[in-house]
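Undergrad: From first to last, the protein sequence lines are chains F and P.
Under our numbering, the first sequence has 600 at position 166, and the numbering climbs by one with no breaks.
Under our numbering, the second sequence has 46 at position 5, and the numbering climbs by one with no breaks.
Keep in mind that the hints were calculated from the coordinates and are not lab data.
All values derive from a computational prediction rather than experimental measurement.
Treat the hints with care, since some could be wrong.
[As the list claims (entries may be wrong)] Between beta-carbon pairs, the in silico distance windows are:
| hint | chain 1 | residue 1 | chain 2 | residue 2 | range |
| --- | --- | --- | --- | --- | --- |
| 1 | F | K488 | P | E104 | 57 to 63 Å |
| 2 | P | R62 | F | A556 | 46 to 52 Å |
| 3 | F | A556 | P | V83 | 28 to 34 Å |
| 4 | P | A103 | F | E443 | 53 to 59 Å |
| 5 | F | R492 | P | A86 | 43 to 49 Å |
| 6 | F | E468 | P | L75 | 32 to 38 Å |
[Claimed, not checked] Listed next, the in silico DSS-like pairs over lysine-lysine satisfying Cα-Cα at most 27 Å (straight line):
| hint | chain 1 | residue 1 | chain 2 | residue 2 |
| --- | --- | --- | --- | --- |
| 7 | F | K439 | F | K481 |
| 8 | F | K603 | P | K60 |
| 9 | F | K439 | P | K60 |
[What the hints assert, rightly or not] Covered stretches of chain F, as calculated for chain P (at least 3 residues, CB under 8 Å):
| hint | segment |
| --- | --- |
| 10 | 467-477 |
| 11 | 584-598 |
No residue lacks a Cβ here, since even glycine has one placed at the ideal position from N, Cα and C.
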Amino acid sequence: MRRLKARDEHALQELYDTLAPWVLGLAYRILRDEAEAEEVVGDVFVKVWRQIHKHDSRRGPLVPWVLSITRNRALDELRRRGRWWRKADRLAQAQGSEEELEHPATHEATVPGWPLHREVHAALATLPDELRRVVTLAYFEGLSHSQIARRLRQPLGTVKTRLRAAHRKLTEQLAHLEDWLE
Amino acid sequence: MTDWLGMAVPPRTPRPELKGRVLARALARRRWPLALAAALVVVAAGVGSAWWAHRTIAALEAERARLAIRVAALEDTVASFIHDPATRLTQVPVSTGGRVGSVTIFADSVRRRWLVRCDGLAPNARDQAYQLWFLTDRGVRPAAVMAMDRDQPMVMGLALPQSGERVTGAAMTIEPRAGSASPSGPMVFHVDL
């Protein structure tokens with residue numbers, strides 16, 4: 435972090451080596467398009483490099499900050515291109531979200547950060563199906579509460595209650611996580 | 042908590058060539074403002090130079106035009122007044138403000154015009170001017186008002202009255218700065234031609 439803030443270009447390269455697989459994975463999970471996901475990876479690292487001074491380590495670790503940038507950028511791309519419903523339908527049909535979360539690609543296990551991934555994945559997997567579904571729709575597809583309610587044909591109040599419950603459970607399970615980056 | 046959820050997605054190995062592309066973008070953007078600043082400096086310098094050159098050329102052209110007019114006047118003076126056999130030269134010593142000067146009149150009776158040169162006249166007070174008069178057989182006629190704010194020679198060309206009057210002399214007085222219809226101030230000189 436200090437090296438990034440000192441504009442050390444080697445530090446940016448190292449950050450890319452460490453985080454690019456996770457950034458690409460998240461972007462691809464949201465966009466379902468390799469070329470679009472790669473564009474998002476470029477945008478994310480450009481933004482991280484240019485705005486690293488805005489990151490306050492007292493308010494949170496670096497990895498979640500980068501993932502947050504990735505998610506926002508990918509969701510923007512999804513909305514900007516007017517493919518939201520088409521992508522969502524494709525996602526729903528492929529049931530990719532469930533499959534990927536339940537069957538991670540073990541050949542990527544050598545990637546730095548893998549243990550952390552296992553913990554987050556496990557925490558999500560332990561959620562009851564109805565909670566995991568609303569979290570997935572909210573986080574990975576950027577749906578609002580009312581959109582989730584329409585999608586799942588559930589009352590809005592139920593969706594909000596489930597999201598709160600999921601948030602509480604995940605917070606308990608993931609509170610101990612720390613960056614594996616220095 | 043939800044900030045970590047992105048880690049729930051399995052990693053995806055980027056194509057090797059993506060790294061070079063991404064880093065080039067990031068680092069190029071960092072340098073872009075410097076390049077832009079340098080370009081702006083160059084453009085500003087160019088615009089400034091062009092503006093300066095434009096102003097200088099305009100000023101030089103105005104000066105050239107002014108000098109051309111002056112040269113033409115001098116050529117006219119030399120050719121028409123000084124060398125013309127019809128020109129009569131009259132030089133009048135004058136004393137103004139305690140200094141001695143002169144007024145020289147080249148009178149061209151054929152073309153009915155005068156060239157008058159004043160040397161050594163004291164500068165006027167702020168509300169006064171020298172006024173030259175034609176003395177004719179029918180009276181005094183105003184010829185020119187000369188406000189002299191600086192101590193330098195003055196040259197002017199004057200057309201004689203076209204009313205058929207015969208000019209018999211000249212006079213100069215000190216009048217209010219706007220001039221007078223008839224002489225009313227101190228006399229500087231009076232001469233019969």
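Undergrad: Against the 27 Å threshold, does the CA-CA distance of K439(F) and K481(F) hold or violate the hint?
TA: Roughly 13 Å separates the two Cα atoms, so the pair holds.
Undergrad: Given the range 32 to 38 Å, decide if the beta-carbon distance of E468(F) to L75(P) lies inside it.
TA: holds (34 Å)
Undergrad: Are the Cα positions of K439(F) and K60(P) separated by 27 Å at most?
TA: It holds: about 20 Å lies between the C-alpha atoms, which stays within 27 Å.
Undergrad: Given a hint of 46 to 52 Å, does the C-beta separation of R62(P) and A556(F) actually sit inside it?
TA: violated (34 Å)
Undergrad: Please verify the coverage claim for the segment 584-598 of chain F: does it have three or more residues whose C-beta sits within 8 Å of some C-beta in chain P?
TA: It is violated: at least three residues are needed, and the segment 584-598 of chain F offers just 0 whose Cβ sits closer than 8 Å to chain P.
Undergrad: Within 43 to 49 Å: is that where the Cβ-Cβ distance between R492(F) and A86(P) falls?
TA: Cβ of R492(F) to Cβ of A86(P): about 45 Å, so the range 43 to 49 Å holds.
Undergrad: Counting residues of the segment 467-477 of chain F with a beta carbon closer than 8 Å to any beta carbon of chain P, are there 3 or more?
TA: Held - the segment 467-477 of chain F has 4 residues with a Cβ nearer than 8 Å to chain P, which meets the minimum of three.
Undergrad: Taking 57 to 63 Å as the hint, is the beta-carbon distance of K488(F) and E104(P) inside that range?
TA: Roughly 59 Å apart at Cβ, these two residues keep to the hinted range, so it holds.
Undergrad: Is the straight-line distance between the alpha-carbon of K603(F) and that of K60(P) 27 Å or less?
TA: violated (37 Å)
Undergrad: Does the Cβ-Cβ separation between A556(F) and V83(P) fall within 28 to 34 Å?
TA: violated (59 Å)
Undergrad: The hint says 53 to 59 Å between A103(P) and E443(F); measuring C-beta to C-beta, is that right?
TA: holds (56 Å)
In the structure shown, a violation is registered for the earlier hints numbered 2, 3, 8 and 11, in ascending order.
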